[in-house]
Amino acid sequence: MQIKIENLHFSYSDSPTLHSVDLSIDEGKNYAVMGRNGSGKTTLLKILAGLYKPDSGELKVPEGLEIGFSPEDPELGFFEKTVKKEIEFYPRNLGLDHEKLAAETLEKIGISGLQDKLPTILSSGQQRLVSIASVLSGRPDILLLDEPTHSLHRKGEKILGKLLEKFEQTIVFTTHSSDFALEFADKVIVMDSGTVLKVGDVRKVLNDDRILDKAGIRPPGPVAWARKNDIDIIPLNAEGAIEILKGGKD
Amino acid sequence: MIDITSFSILDKRGDRLLDDIDLNIDTDELTVICGRPGSGKTLLLKAIKGIVSEGLKHEGKIETEGRIGLIFQEPRKQIVRRNVKMEAAFDLENLCYERREIESKIHEFAKFLDAEYLLEKDIDEVSHGEMTKIALLSTLVTHPEIILFDEPLSTLDHTNRKMLLELIRRLKQNGTSIVIAEHDLRDIVGLSDRIILLRDGKISCDGRPNDLKKELHREGVKIPFSWELEVLGGEYGADQD
Chain Y
1 MQIKIENLHF
11 SYSDSPTLHS
21 VDLSIDEGKN
31 YAVMGRNGSG
41 KTTLLKILAG
51 LYKPDSGELK
61 VPEGLEIGFS
71 PEDPELGFFE
81 KTVKKEIEFY
91 PRNLGLDHEK
101 LAAETLEKIG
111 ISGLQDKLPT
121 ILSSGQQRLV
131 SIASVLSGRP
141 DILLLDEPTH
151 SLHRKGEKIL
161 GKLLEKFEQT
171 IVFTTHSSDF
181 ALEFADKVIV
191 MDSGTVLKVG
201 DVRKVLNDDR
211 ILDKAGIRPP
221 GPVAWARKND
231 IDIIPLNAEG
241 AIEILKGGKD
Chain S
1 MIDITSFSIL
11 DKRGDRLLDD
21 IDLNIDTDEL
31 TVICGRPGSG
41 KTLLLKAIKG
51 IVSEGLKHEG
61 KIETEGRIGL
71 IFQEPRKQIV
81 RRNVKMEAAF
91 DLENLCYERR
101 EIESKIHEFA
111 KFLDAEYLLE
121 KDIDEVSHGE
131 MTKIALLSTL
141 VTHPEIILFD
151 EPLSTLDHTN
161 RKMLLELIRR
171 LKQNGTSIVI
181 AEHDLRDIVG
191 LSDRIILLRD
201 GKISCDGRPN
211 DLKKELHREG
221 VKIPFSWELE
231 VLGGEYGADQ
241 D
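Residue numbers (my numbering), protein chains in the order written: chain Y, 1 to 250; chain S, 1 to 241.
By construction, these hints were calculated from the structure, which means they are not laboratory data. Glycine included, C-beta positions come from ideal geometry on N, C-alpha and C. Hints are all accurate, no fakes.
Under 7 Å between C-beta atoms, here's a sample of chain Y residues computed to sit facing chain S: (1) Gly125; (2) His150; (3) His153; (4) Arg154; (5) His176; (6) Gly221; (7) Ala238; (8) Lys246.
Restricting the straight-line Cα-Cα distance to at most 25 Å, the calculated cross-link-like pairs of lysine-lysine (DSS-like) are: (9) S:Lys213 to Y:Lys246; (10) S:Lys172 to S:Lys162; (11) Y:Lys117 to S:Lys202; (12) S:Lys12 to Y:Lys81; (13) S:Lys77 to S:Lys111; (14) S:Lys213 to Y:Lys158; (15) Y:Lys117 to S:Lys57; (16) S:Lys162 to Y:Lys198; (17) S:Lys214 to Y:Lys228; (18) S:Lys172 to S:Lys49; (19) S:Lys202 to Y:Lys155; (20) S:Lys214 to Y:Lys155; (21) S:Lys213 to Y:Lys155; (22) Y:Lys81 to S:Lys77; (23) Y:Lys214 to S:Lys162; (24) S:Lys214 to Y:Lys162; (25) S:Lys162 to Y:Lys228.
Same shape as in the complex, but just chain S (with noise of 0.2 Å):
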């Protein structure tokens, strides 16, 4: 569970990055946030998981409730150590879990992930997408309730794209719940629950995918195909699913 109150951000001038945003993200549920490019997507995302960058003041409170996971962007960025098995082992060592108990769950999670041939790897030698299991597979160890995504599918081509999605909708399945930060709804909108669409900082919209089709095309979100005939065409563009 998530809880956000009146929370706003602050840049040094005192221009609001996010402003008074309230929000309740309930367990089971995806949600996705959307918005522009300085919408405040990536900053939400950071705030919930409780990293405010230096020189940057905040107003308001956030509870949450379970341990959160963020997967960056570039999840390269996110790794530290250089063989797969010791990076996925680096939280639990930090959480003082035994060697065997360590072992075990990332056994466990490997074999959720489809990962367990890279973990005698050096991160050198993995691909792009595979980068995305491996932090993936640093956070479950952890038994996350939260995981937060940002614009986690970008970066991948076609294939990645699905292995990710499946795997989003694994945990899904098994009651994590899911808040994801993109701007491009076009592979993940049958996943969603919920959207919530940001504007200069402020939340613009709340609701689910199907209600909110003009309005995310306004804001420029990347809709399906046949969700851009139905808002551009009209009575010409409807029922082009």
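Chain Y with its partners taken away, still in its complex shape (with noise of 0.2 Å):
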């Protein structure tokens, strides 16, 4: 366990946005927040970024870690002149060889084409990608995004998933796509009502009408198509399914 969250609460204004919240988060895994909108998705985010403090309760994060943040609305931190320099920004502050970090950062999100280019006049997609990989560059032990496939195309979505399963530190995004959560987290952080409604494993958690109901998620394709068919194990993905429909079928 790598940070712990005990009887949290907190508030904007008079009404809170999130109370009794209890969490842990173990190194090395991905997180799915998921949720209805105003459920306290952000806000929860923005407290283990550490840009809010709890109004009360525990939030238990070890000294020293390095933690990275990609905002909802990736304008918000742009502000270098080009792609490659707000790519260089966050490993230059460290202290790291940002040049050679940036370069690969640029090559693996497959954005090296916009490295020149001024962030704010790219497209929406384009600066998500750009705002990843602008905290992916200074290798954080904790990456936190924010609905980090909001105008994403699917092949988009492909490569940050890829990249999200290769990078071995703790990865908590907010999301509404439940099919990527399903093929690229580990576990889900259902909330609802500003508290933590569900933790669990992906497979069982978005299987549970009780629990999609109650927080207003859409059951993920792979889920659908299994219980329609019949079959027990839940693919991640369309690849997954037809693996399955080829076995049934030798």
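Can you join these two chains into the complex? Each is in its own frame, and there are hints to help.
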């Protein structure tokens, strides 16, 4: 266990935004935070990022832990004149080999072609990839991503997902895409009305109608497919489903 | 009706962000503009609305008939007033409607959107999904013949998505032409009549959704799981609806 939250409360105004939150984050796992608009997902992420202090309760984070945060609106985080400089910024501040790390990250995310462009003129999907690259380049111990798949197309999602799988440190991301969570998260943190409704294995949580209904989450495509075809094992994606079909017919 | 002829948008360096677009969109249709990030979806919507950013040049012409409404990707960015009813009155005041008429139009469309309960609220008090309703209310009161949506679904949760899709279905039924820029077809494909696929600023495909499954998948558009199985699985994936 890397981070522990105990009985945490937080509010922006009179009404509580987060209340009675208990949560443990294990090292090296990928967590998807899911739930309705306004359920407290982003606030939870910002508290983990240290951007807000809880009103009460405990937030235990090991000393010296390097935390990278990519905001929901990528433009908020941009202030350099080129994509390359934007991605060099974080590792440079940490005194790392920023040129090497930035070049590697650009390559991995497949956005080398954008490196001389002004970040603010890019499309929203391109900005999303630049924002994620700009935190990945600093190799943080924990990567916090607010709606990383928002404005990304399927291929962008796959590139991102594969990167997240390879990234060995802890990742916590919010998302409305249950398909993306199923494919690339280990665990789901389900938020409902400002508190944690459930934390559990992604296949179990996203196949539990009671939780999905309560938290307003759409059953992922593979879950709906497996139920309809009476298949016990839930595939993580279309490729997995095809493997199951081939196995059945052989 | 939207009639686009040999339309291009060029940046300062002369790169073509939209390249020689020819497109006709008829009334009563729901058209989805798809494509990967940076393919020109938002630019095309903005051009139809008549807003092209500073520093960009354009060639060719776009002719439209009737009033056009545009719902931004982040509806919060198009809301200018603090109170919901005041916000809904903004365009009508600018069009010099009488106070009584403004009131009656706001109530008529608030009812249509199930948004009457929001009218007296401050913008700061409303939720993310309600923000979309307010932007839509401010647009509908001016009776647009065409409504353009820029990625309206991606920030909404499942419940709000269902709400917005139902509203779009009702607008379509009332004869409004709708153009939506989206890279995620999973929820909206059932309502779509036509798909325009953009690639590097050009139209690469134009047709009915069912005829473009492979092309959409190849361009990385999010398609329903059953389509993905069909495209990837060949004989194994067929009939997975």
